[in-house]
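Visitor: Listed below, chain by chain, are the residues.
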Amino acid sequence: MLFAPVLVWSAAIAAAQVPVAPSDSTGVVQGRVIEVTTATPIGSATLVLLGTRLGTVTRDDGRFLLAGLPAGNVRLIVGRIGYRTDTLAVLVRARDTTTLTVTLHPSTAQLQTVKVAAAATERDQFRLSASPGVVSVRGETLKRVPVIGEPDVLRVVQLLPGVVATNDFTAGYNVRGGESDQNLVLLDGFPIYNPFHLGGLFGTFIDETVGEFELMPGGFPARYGSRLSSVLSVVPKAEERSGVHGAASVSVLASTLSLGGMVRGATSWNVAVRRTYADRFVALLSERQLPYYFTDMQAHVRHRFRNGGALSVTAYGGEDVLDASLAAFGDSTQAGGGDILFDWGNTLLGVAYTQPLGARWGGDSTRVMQRVSLTGFSTTLDLGSGSLRFVNRLWDARAWGEVSRWRGAHETLMGYEWSGLRTRYDVTAAASSDPILAVGQRPTAASLYVDHTVRTSRVVARAGLRGETVTGTGWSGVSPRLSLKWFAHSDLAFTVAGGSTTQWTPALRNEQAPVRIFDFWLTADRNTPVARAWQGSLGGEQWLGGTRFVRLEGWVKRYNDLPSSNLFNDPDVQGDEFIVTTGQSYGADLLVRQLESERVSGWIAYSYAVNWRDGADGRFAPVQDRRHNLNVVTSFRPGGVWSYGVRLGVGTGTPFTDVVGQIVRRRYDPITNSFGTGNQDVSREPIGGVRNGVRFPLFQRLDLSVTRTRPGKRTWAPYASIVNAYNARNVFTYFFDYADNPPTRTAISQFPFIPTFGVSVSW
Amino acid sequence: MVRRVIAGALVAMVLWGCESSPVQVASPVATIVVHAVLNPDVTEQVVLVEASLTGRVDINDGLRFDPLDPIRTAGGSPIAGAEVRLLTDGDTVGVRATETIVRTRGTGRYVVPRSALAVQPGRRYRLRVRTTDGREVTGETLVPGAPPGWTAGAGAVAVPVPLERSRDTLQLRWPAVRDARTYAIRVETPYGPWALFADSTQFTLSGGLRNFFADGLPSVWFPGFVQTTTVVAVDANFYDYNRSGNDPFGGTGLISSVRGGIGLFGSILNMLRRDVSVTERARFPLDARWRGVSGAGAAAELDLWVDVQGATVSSVSGREVTPPRRFLLGTLRGENLRLVTLVAGSSADTVSVFSARLAGDSLVGSYDSRFATTGARVFRRVAR
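Same order as they appear, the protein sequences are chains A and B. In this text, residue positions in the first sequence follow the numbering used here: the first is 2, and each later residue adds one. In this text, residue positions in the second sequence follow the numbering used here: the first is 10, and each later residue adds one.
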């Protein structure tokens with residue numbers, strides 16, 4: 002019953018497709034792709050019939066099968082990241098199978114590698130995937146975008162179509178009108194909950210470890226659940242070269258070291274560490290203290306078995322530590338000050354195993370995948386050595402398995418996901434024997450899903466269904482996902498997609514606050530409903546040559562049961578943390594992209610969006626409602642050793658709540674029976690007007706960068722970057738003073754002109 | 010408290026970001042703001058009526074706080090001439106409050122003496138405020154009921170107790186109160202009160218407690234000080250108003266308990282009161298009794314302690330052992346002592362500054378007051 006709509010949908014697609022059974026005029030080519038020197042199987046290599054969209058990707062054991070090829074002499078293009086692209090002449094015999102072994106040479110010229118990889122990823126996405134709006138960005142591209150301190154995945158995500166960053170001070174992002182907690186962030190397929198450092202200023206991903214990342218702003222397949230708005234999948238870099246290679250970098254923010262290599266042609270490993278050093282630097286130069294630092298550690302090991310199976314282990318640990326004794330600052334105004342401990346961090350340990358099963362279960366090829374992971378996020382805020390202590394802990398033990406089967410033009414994917422969540426939110430005071438607040442939740446979520454994709458010469462269609470249940474909520478639901486891509490010709494396709502997503506882990510966060518230190522995650526329960534969003538999109542994508550395309554998509558999204566932080570919640574009452582809102586968003590995204598194969602590369606992303614929410618205080622625009630948003634990101638390599646990067650961002654102002662007066666908060670003193678005793682500063686609080694009823698002025702920012710790269714045994718690459726080159730005064734927030742006569746408003750700007758620099762060396 | 014952290018992060022960003030020059034904005038319409046807490050233990054009930062700040066009225070933040078003019082001298086804009094009435098349940102007329110007049114000017118402070126209305130535990134009261142322009146604000150509160158044996162005034166009398174900060178804890182117990190939403194524990198400190206709500210009927214305060222309501226997380230207990238600690242039972246209005254607050258960005262979040270305006274009409278019942286005499290074991294050379302001559306030229310003895318030792322600057326506290334027995338706060342940087350004499354236990358209200366050098370068993374320095382600087386004053390260490 003659950004999968005009936007999928008079957009109907011698949012049958013409809015199958016009826017429209019071109020038959021793939023061998024005919025008198027077609028044949029089959031199968032074989033393996035291996036490395037020329039070690040004969041190591043090469044997985045994920047692409048084989049494309051020249052001049053057509055017919056192609057396939059090798060399995061992990063390097064094997065492939067291409068059916069339906071026209072009989073006669075054909076040319077196959079074979080390529081993969083890290084290897085030189087090769088073109089093979091193959092004789093295809095009608096109603097017969099040709100077997101061959103393809104050898105690929107490791108690439109030595111870095112730019113050549115770039116060219117192959119970039120073209121392959123985006124073009125393959127266009128040809129083979131039904132998902133709309135997906136943008137892939139390789140790790141190399143990160144380095145070409147002007148940076149704040151150092152390259153940052155999340156800062157680049159903010160520049161993609163459909164994505165809004167509410168201000169410069171957050172690396173968080175909102176996708177197609179969604180809230181910032183609605184984005185699923187995956188590192189090698191494993192979830193990370195708060196991928197931020199320094200109060201949200203920087204992301205946690207070490208750029209040297211990033212192979213590529215992919216943002217799905219909507220219409221994602223049924224295999225992804227638990228978030229409403231987007232999937233950001235970060236793929237770790239896998240070192241394919243034997244020996245030990247590495248990179249080290251020093252920026253104004255942090256130092257990074259990454260090492261990697263390949264052992265016996267079968268085991269790839271990468272480890273990286275990063276740490277800010279400002280605290281050590283200040284301690285060296287003065288008696289004063291900067292009691293803050295953050296660290297990241299990441300490791301990724303992948304072993305390929307002879308039978309084609311692959312086992313990978315991914316580990317991540319990141320921590321922000323603010324451990325200060327105010328009394329040690331040496332400032333007489335802080336004399337007697339107490340200790341502050343404020344730390345937070347993510348931990349992740351994930352194991353993944355994939356095993357190709359060959360032509361079992363009646364298909365051309367079958368593969369199973371199993372992942373297990375343990376993701377943690379914890380934060381502690383301790384004021385005065387336990388005088389007041391906030392602790393939030395989250396553990397997500399997850400198992401995710403799926404079976405993929407290919408048969409001709411059909412690909413069926415079935416899987417499950419099981420997630421055991423443990424959250425705790427405790428507030429204690431040394432003065433109190435009882436906790437001020439103690440909230441613990443232990444729900445379990447289970448999902449079953451199926452995705453069926455059909456690829457023909459004119460259509461790529463995918464139908465999926467995801468059934469989910471969460472204990473403790475009394476909720477079970479089914480989310481259909483449909484996507485249909487129709488090719489007008491080989492370079493122009495139109496996609497229509499729609500479906501539903503759900504989320505049972507909302508974050509306790511005041512969206513009105515412009516800063517995002519981190520989110521306090523809770524889970525749905527009897528009081529907090531599981532949120533659901535329905536979304537649809539319609540768009541087209543036109544390729545202009547092999548490295549350039551234009552994509553335009555319109556989209557609409559509707560939110561039901563959307564939890565929103567309840568500012569009036571009572572810490573004594575469990576279950577009033579959220580109030581339920583509904584909402585809607587619609588808009589259009591335009592992407593013009595030149596892939597990294599020319600002297601000039603980059604993209605132009607323009608997004609138009611309209612968003613509103615209906616809550617207890619009526620209808621209002623959420624803070625991410627930036628109507629027009631334009632980002633131009635370009636990289637220019639005129640030849641030689643210099644390359645230049647430019648980022649121009651222009652956007653209409655985001656909404657905020659105007660302050661229409663202030664009140665003096667008075668505290669009753671039971672001893673003197675008066676309000677106030679004069680020994681405290683007057684405390685004034687704003688009175689809010691219409692919620693998000695006014696908007697900040699236009700946002701604009703130009704960032705520039707230059708990098709000098711001299712390839713060699715050791716490649717040194719010093720770089721300089723300027724953020725906000727013409728020092729535009731973009732408003733971050735306003736402070737109002739109604740104690741002034743006349744009243745005044747002071748604007749606090751976002752990033753001013755900031756020059757940064759650094760250097761990296763790789764070998 | 011999370012709000013404080015966010016505010017701290019915001020300050021850091023303000024330092025990084027740029028601040029533009031203030032620009033003038035339009036004055037909004039003022040809202041009536043009311044603060045009133047009924048207390049059966051006091052001789053008069055106080056109702057404060059003021060206007061929200063709109064920028065139309067000059068606010069002077071430099072005025073010395075006057076409890077009889079508590080709005081104007083604490084950053085507010087009083088509404089004078091209002092008709093303020095307290096009504097018992099079922100009463101339609103009530104008792105009209107009298108406005109306190111200071112120098113012929115209305116203060117927005119309205120009082121109802123006990124002789125006109127004796128507020129009773131466990132009873133419901135209503136508040137009605139009518140301003141001269143015809144606007145009306147109303148509220149209602151249920152005063153927490155009295156536990157068996159409770160008598161008016163008993164909870165307002167201080168019981169003295171010693172607290173050796175490094176060793177002792179202060180244990181508080183009180184009976185359960187019917188109709189109380191919760192209990193508020195409060196300790197007066199020179200940097201403002203430390204307070205917490207507690208559901209239980211007992212509470213233990215440690216000597217190392219820090220005041221997370223004051224900048225810099227100072228100590229709650231200061232050696233040398235006598236600090237008043239109170240426990241009151243509160244109604245839901247009092248609890249909601251004091252646990253909430255308007256978000257600094259959205260301007261919402263405050264839970265008001267009056268209709269037609271903003272503010273609090275709540276009630277409390279005094280449960281216990283302790284005057285805590287704080288001491289500390291001697292740990293540093295300064296921790297001693299010092300005998301010498303005061304700024305006024307009289308013989309004086311001071312008890313001093315290092316409150317918290319810092320890397321370069323330590324905080325100091327103490328008291329005058331001899332009359333007028335005022336409290337002292339200060340800093341010690343190396344051998345240089347700066348000691349401030351407080352008027353009434355508040356860091357905001359000082360009378361003089363003693364700047365001295367610690368040399369062995371002597372403190373040698375001089376007093377500075379608003380009017381004069383004394384000659385050299387020498388204090389010598391004596392047994393405490």
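If you're looking for bench data, these hints aren't it; they were derived computationally from the structure. Every value quoted in this text rests on a predicted model; they were computed, and no experiment measured them. Where is the CB? At the ideal position from N, CA and C, for every residue including glycine. A hint or two may mislead.
To be verified - Covered stretches of chain B (in silico footprint by chain A; criterion: 3 or more residues with CB under 8 Å from a CB of chain A, positions within the stretch not fixed):
#: 1; segment: 132-142
#: 2; segment: 223-237
#: 3; segment: 253-265
#: 4; segment: 283-292
Visitor: Look at each hint and say if it fits the structure.
Guide: Verification of the supplied hints:
1. For a cut-off of 8 Å, the count of residues in the segment 132-142 of chain B with a CB near a CB of chain A stands at 0, and the three-residue condition is violated.
2. Residues of the segment 223-237 of chain B with a Cβ under 8 Å from some Cβ of chain A number 6, which satisfies the need for three, so the listed coverage holds.
3. For the segment 253-265 of chain B, the stated coverage by chain A holds: 12 residues have a C-beta nearer than 8 Å to a C-beta of that chain, and at least 3 were required.
4. Check on the segment 283-292 of chain B: 0 of its residues sit with their Cβ under 8 Å from a Cβ of chain A, so the three-residue criterion for coverage is violated.
Hint compliance for this structure: hints 1, 4 are broken, all remaining hints hold.
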